[in-house]
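K.L.:
Protein chains in written order, with my numbering: chain A, 1 to 77; chain B, 1 to 223.
Everything labelled a hint here was simulated from the structure, so no lab data went into it.
Any given hint could turn out to be false.
[What the hints assert, rightly or not] Which bits of chain B does chain A cover? Going by a derived footprint, with three or more residues having C-beta under 8 Å, they are: (1) 28 to 42; (2) 84 to 90; (3) 96 to 107; (4) 114 to 123.
[Unchecked claim] With a cut-off of at most 35 Å between alpha-carbon atoms, the simulated DSBU-like pairs for lysine-lysine come out as follows: (5) K2(A) with K157(B); (6) K43(A) with K157(B); (7) K172(B) with K2(A); (8) K43(A) with K56(B); (9) K43(A) with K172(B); (10) K157(B) with K56(B); (11) K157(B) with K172(B); (12) K60(A) with K172(B).
[What the hints assert, rightly or not] Now the stretches of chain A that chain B is said to cover, found in silico as 3 or more residues with beta-carbon under 8 Å: (13) 3 to 16; (14) 46 to 53; (15) 63 to 75.
Computed from a predicted model, the values in this text were never measured in an experiment.
Beta carbons: idealized from backbone N, C-alpha and C, even for Gly.
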Amino acid sequence: MKELLEYLARELVDHPDAVEVTEVQDDRGLLLRLKVDPEDMGKVIGRGGRTARAIRTVVKAAAVRAGVHAAVEIVED
Amino acid sequence: MEEVERSGPSVEEALEVALEELGASEQEVVVEIVQEPRSGVLGIGAQDAVVRVRLKARGEELSEDELEEQAEIACEFLEGLLERMDIAASVEPGLEDGSMYVDLLGEGDEQADDDMALLIGRHGQTLDALQELTRVVVGRRTEGRCRVIVDVEDYRKRRRRRLEGRARDLAKRVQRSGREEALEPLTAFERKIVHDAVSGVSGVTTESRGEEPERYVVIRPSG
């Protein structure tokens, strides 16, 4: 899951080296915290949140495939 | 449909509606603000924002080479994504009626059927997400708008044909009865298919109503 999110984020941003994903396990499942360069925030969120929504949808599908529950949080560096 | 004029409580909201009707992103259009919104006093004299939005350089179609370049980028991106989702599928580009399709195909076993259904998602939601991500990735690496249509085992093509047929039948009914008819809630991509299919039927027009994800298309008599 972590690897997938890192891959997606790196394909979308101008500063792939700044992409960082940390996994946190809480009582509701896996929380993936995505950190990108402040300049890239707009790229991973997209107009009206479209890109962020797409990232979440794809990660959720992968989570279903893996039989886990996963959520994505995008945080500023 | 190359130009639309739409209104909304703010310029941003009016633009959002117009872009959706055109099936375009902000970079692909020229925006003219026809009227700034005014809040008025106690609602008196208030007016909506009105924007006119035109598709940029529609005449300039992409060459076959450019389409192939876009397809190559899309295939590479999607292959990397499938690998990380642990899904075995082939990614096949193909030119059809001037559109570049990139089709994801399962290997035909039971696991593959489940995986392909997962990639399509409920009402095609996951497929739309793959489309959106591909659009951004291709847009970043090439000039011009992304023309690649991502599909999973021809889901879009089949659905498109069905939807076009249904929209035209309904449009003819509106033409005869003079009464408006609504389709069920659809995604932005599917609404665009309906707008396009009905634009060829005289005496009727289409508009989208409602809020996402319950936004739907109404076909009504024009004029």
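K.L.:
Hint by hint, work out which the structure violates, then give me just those numbers in ascending order.
P.N.:
Checked against the structure, the hints that fail are numbers 1, 3, 7, 9, 12, while the rest are satisfied.
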